[in-house]
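Residue numbers (this note's numbering), protein chains in the order written: chain A, 0 to 307; chain B, 9 to 552.
Honestly, the hints are just simulated from the structure, not real lab data. Source: prediction; values computed, not measured. Each hint should be verified, as a subset may be incorrect.
[As the list claims (entries may be wrong)] PhoX-like mimics (lysine-lysine), calculated; alpha carbons at most 25 Å apart, straight line:
#1 A:Lys125 - B:Lys281
#2 A:Lys125 - B:Lys299
#3 B:Lys390 - A:Lys132
#4 A:Lys76 - A:Lys109
#5 A:Lys76 - A:Lys111
#6 A:Lys111 - A:Lys125
#7 A:Lys76 - B:Lys299
#8 B:Lys390 - A:Lys125
#9 B:Lys314 - A:Lys125
#10 A:Lys125 - A:Lys109
#11 A:Lys109 - B:Lys299
#12 A:Lys173 - A:Lys76
#13 A:Lys132 - B:Lys281
#14 A:Lys132 - A:Lys173
#15 B:Lys299 - A:Lys111
#16 B:Lys314 - B:Lys390
[Stated by the list, open to error] Reference listing, derived: stretches of chain B covered by chain A, where coverage requires no fewer than 3 residues with Cβ under 8 Å from a Cβ of chain A:
#17 389 to 398
#18 540 to 551
Idealized CB from N, CA, C, for every residue including glycine.
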Amino acid sequence: MNAVIRTEGLVKRFGHVTALDRLDLEVTRGETHGFLGPNGAGKSTAIRVLLGMLRSDEGRAELFGGDPWKDAATLHKRLAYVPGDVALWPGLTGGETIDLLGRLRGGIDKRKRDELLERFDLDPRKKGRSYSKGNRQKVALVAAFAADVDLLLLDEPTSGLDPLMGAVFNECVKEASAAGRTVLLSSHIMSEVEALCERVSIIRKGVIVETGTLAEMRHFSRSRLRATLKNPVRGLEDNEGVHDLKTDGLDIECSVDTGALDDVLAQLAVAGVAALTCEPPSLEEIFLRFYGDELAASGVPNGEGAES
Amino acid sequence: MTTAVAERDDLSTLAGTGKLLRFYLRRTRIFLIAWLGGLAGFSWLMSVSLPELYPDAQSRIEAAVLLDSPAMRFMTGPVEYIDVYGDSVGAMFAHQMLMWSLAVTGVMFILLVTRLTRADEETSRSEVVRSQPIGRRADLAAALWLSLIAAAVLGALVTLTVTGIEGTELGQAVLYGLTFTATGITFAAITAVCAQIGSYGSTSNGLAFAVLGFSFLMAGAGYAQESGLAWISPIGWPELTFVYTPEQRWWPLGVAVGVSAALVWLAFALVAKRDFGAGMLPARPGRATAKPGLRSATALTFRITKGMLWTAVISMLLLGLTYGSVLGSADEFLEGMSETQREVLTRGSSAPAEDSFAVTVTQIQGFFALIFALLVIGRARKEETGGRGELLAASPVARSGWPGSYYAAAMVNGTVGTLLGGLGLALVGASSLGWDAFGKLVLAQVNYLPAVWVVIAAAFALLGWVPRFGALRWLLWLYVFIVGYFGSLLDMPEWVGKISPFEHVAEYPLEDVDWVAFAVLTVVAAVIAMLGFTGIRRRDLQFS
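Isolated chain B, as found in the complex (with noise of 0.2 Å):
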């Protein structure tokens, strides 16, 4: 007991961090559960059937050489990979499969942090925690162990699914599944901090995002240009070990875990300056009197969201800038390229190589400028569990102006933000291949815009009849996702493809707009929208 007096003044402010460990463990596993599963099954998954598509040296070169450009480079990763395709199946899987699963393994991690700090302080679930014989820092310790359990238990479960590649040493395996554990740290830790700065879970959430987006684009870029530009992102560090290739290095991973150690300890400083329940920014005194226009439910859903729109705004009109600078340079490359390879790059047929790049590229930033839509639906839930709903619910409002006005600001979310994206890309695409390209790129995007609204709608839907799984959503969002990113090289039924509204668009400008499918696809969102309006209206406000 002695020494337990001494032992308190040090850790005091973690005191109980055990105990919140378990509790938090538990309130967890079913997101752990379902984002540890999901991502080690689609890891097994590609591990199996990316060795069956490209059996051998040959097949695996010809991929090479379509991939060995910048635009498909800020896609995938470094040339280092791409220089042994052929040697080994591994450095493939790798090169294709990591930047993207770091990004989603980001994701993760960044919900799970946001849910167990600032989104329980905005709703005094800690409140009461607090309250107990437990430290001022142990909530935060707490997500923090949490988070490096689980990022260790994903590290293992990918090693364990890539063992089997043929051809491949376990040491390989080993640090391929420790590029999962380190993102996941790291993201862990840059959460911690964003979850410092604002004062509601969706800041937290967004500005962490941010970050992700940003490190996407970084790494994307220095692996295009061949510079070191991917060193200042956290998704670049993991994938520039060159795992599975001759030149294979760990230490990369340091780099992870040392800045890591840094943002840790900054969260733990700023949680220490700040009071409880408040962000960063100091409260000033506000309006006595609203402005005058607010004056609508719908009116406050859009000023409550405000935050999330122009995230979504300055996100992907930099998303769009970056992959149309990249636009320009796939031109450039494609004019130093021999016969043979032109007509690889370009699937065979005479369209130009930027073409198929904008096809995928539009479709990708369709997929983002989700996310920021469907954070917005998320919103509208937990307006409604906080209890801050039950006052416009006695008002004079209709369901579809609360929380029906939530669809509309997802709405809007989701259209600018798309058309942002595809406006960027044409404003700098455009500059390297000329106006003429600017109305075909912004049309690219436009014609990428009805599966955008079926998604949408398809969440405020899931809002509307099922809200306790409303978390279903961004099963739905990783579904479409890969199944429009990785299904060309995955071998799944035609049909599994086809449920993905994305699936259904035409792909200009490698093909023609197919008109009857974007106004099937309207009208299949309008429909989904109004199926979610009915369900708003048919069921019960769940107020706390």
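Here chain A stands alone, though its shape is the one from the complex (with noise of 0.2 Å):
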């Protein structure tokens, strides 16, 4: 059993709302898996199922190879949980509160938990509702990452956390990852994914429209090219891999399918190049592909364009 996470077909629906249509998502053991999508794409949904908080109405999910609805609490033990919006007991400090959700996993490791309080700069003495966002999302990263559990499924986790705490959270998944645990990790924080997930899966609306590799999704996407060239080069435009071409006098700039990239290559030293740069897709270029036509809608111009 090598998938920590396997969904098929899941559907969720509230009401005439289909949050989850026949969503397929695998995690396999090991990986740090990210989880893109915009707010309201279906991502929390998906944790919640696979939570066992939420029933799905069709379709199938495994965690450990068992059923999360049925096997809640004993599945539970393997895993650690940090929603997007944490909401502590008001009348509990943050102490307590990690002690508790620890010894519900049946122990806590106080080396541990005390140094991931001074990692995350954080004051257990505080109760839980004089803490501020941050601070409260905080308690529920200190308690998961002290907890020593095979899985960690963080939903957009780093939400109100300052820059400095985000660089201490990225160390806290990589460590995790180090230690051999799967990490599943929501966001749509580009730079967050892009640093700590080997893997992705893009959500658009309850369906999982990409998943793969970092380097597999770039290989399916556009690099950018930008050259100034010592003579003009003819033929570019009749590339089918070249789109965007803009010419403005020996200054080119087109994207570029990285099938087509050698023949592109082969023609600009053809014409002799005399500044060249090439860059890879960001993820964010990756993710704004799938969404092109939303950003269409909301009337925002999209330079990679929709899909062609």
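Assembly of the complex is requested from the two constituent chains, each provided in isolation within its own frame, with the hints serving as guidance.
Have a look at this one:
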């Protein structure tokens, strides 16, 4: 059993709204998997189904090979969860909350807990009601990272954290991954996912529209190419792998399919190159491609264009 | 515009009150329709059925004889009404209705104001509102305006329902209606202060209910002893208008208005003093690590509901002790009676008066204990919609542990509350009736436990199956209360009453304890609770 998380054709409806529309998601053991999508795409719903808080209407979901609805309590021993909006008990201190959550999982490593409190710069003596949003988030993060579990489910865990703490968070995820833990990181912060995740799934309107390693995704995407040439180049617009070509004298700018890079570079070399930059697509660009039509609908011009 | 600048300083903390008021009106429309409709409907029902049950002066005088004892006055009202039962059905109606209807009116306004003030603050809903161009005091002001409007409408509706009572004047009906308005305003003001003290909605509710309970006891004790004690009770003032009697007077309502104004002023002063989201008690640094006992979802539930348990313990013990003291005087009173009077009072049986009183009191204590237990069930829903339960639900905790442990907490709360009420009653009662009475009174209270359990289980089942409509549990409570307390006065089909578990309990010590009914009700409670657990296991959890 190599898949820690596997869903097949998962459907979840809330009244007339279909939050998950045949979702297929797979996360293999030991990987750090990015789960990308804007607000309302179904990320949290998917995670809550995996946590057995919501019952799916159709399809299958597996967690460690078990049924996340029926075996919820047993399966939860092997995972820790950080919601995007942590609500704490107003009368309990952060320390008490962390201890309680640890004990529910069968005990807490005191040394690790204190070390994490230090790293996240969190005062455990404050009452839940007096923590800010970022500090509430830290309470849940400390509890999760201190837990001796196989899987971390992190649902937009860094919302409300400052950049310094964001860096501490990245370190902690890397350590967890190095210790062999599986991580599902739902986020819409591209740099975070790019820095941490080996594989990424992009969700849109309850469906996974793309999944793979970042390298694979880049492969199926286009690089941005800018060049200043010594002589004018011809025939570039005839190349099927070239898009959005702009020519300004000897300066050219275009997007190139990964498969057509060879040909294009050869053509440019013939004309002679004075300067050249070629950037692989950022995750953000890949992501926006899947949402191009939505951006267009809300009036945002999108250079990458909708899928052609 | 120039005048606006000058006004801004004075009004800035109240800016936007009007907008908020419309918003609140919309948010609470179902709550208001249900409560106003319920109170007015009940008033109408009683105004029709009471004159039918007591059509002539003779029947009313007989009833007056039965009621004119400290024990019965404790639960109805002052002797001024009883004296004129024969002359006016209106006086009898007011005497029978006011104390309890006003207490229920108090409940309505406590829930209304807490919901719009502290409960909103607790869930950061009002954080969104306060970030708007809306003054710091505007939400409290809007909540109080809404209460004022609701109280006025309630008064008008009640007035309408009683205009049809034979032999009464419009002025009397208006005064009768105004007693409801005054009570609504008073308890809205009391709750406005309570909401500033604690930092939870449940603390605010708990404090306000404690005040209500205290008012209720003081009013009752004042009527029973014919002392001035009722004057310190917000529930006392409206009934001291002696509406429908020749001694009718309006000015006690002025006391209610004056006290309310002072309380409103205090609430606004407190709002200005405290930080958003905080109570009056300063935040102290707490424990850095959890106590060893805090190691399960159930332990957490009991910790969270600890305050509610203490409120129940103290309130119920006080209630029991007070009823117990009246029980003693009931006996003395009986001795000074003629043979015939005694016969009327004891329902024709040879049983002593305190026995029939014990039946009524133990049942009422069951109703009171239920209020606290149902508040615990309500807390479970808040933990869920407030999102706090999400961390627990993601932990290795079965649904029976969370939110299921709230059923256990409510059961402990309801059982302990009921028993302490019985203990208080028995302790003081036995001091005057002799120690033989101790066991009898405790057993009389234990007798009602299974009925209490059934209602708690039903409230839990609502949480399990129709969480969005969990507030129906208050309707359930109102139903068992009305059937239990007013049932004999209401001309209703028998089966309607038989739905209430309290109606299946034998009237011990008037009759023997029906252990079969006791066992059956216990089993019914267990079965309903099981159903509740099934519902809890089957449904989605609804976090924010």
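Violated hints, by number in ascending order, as checked against the structure: none
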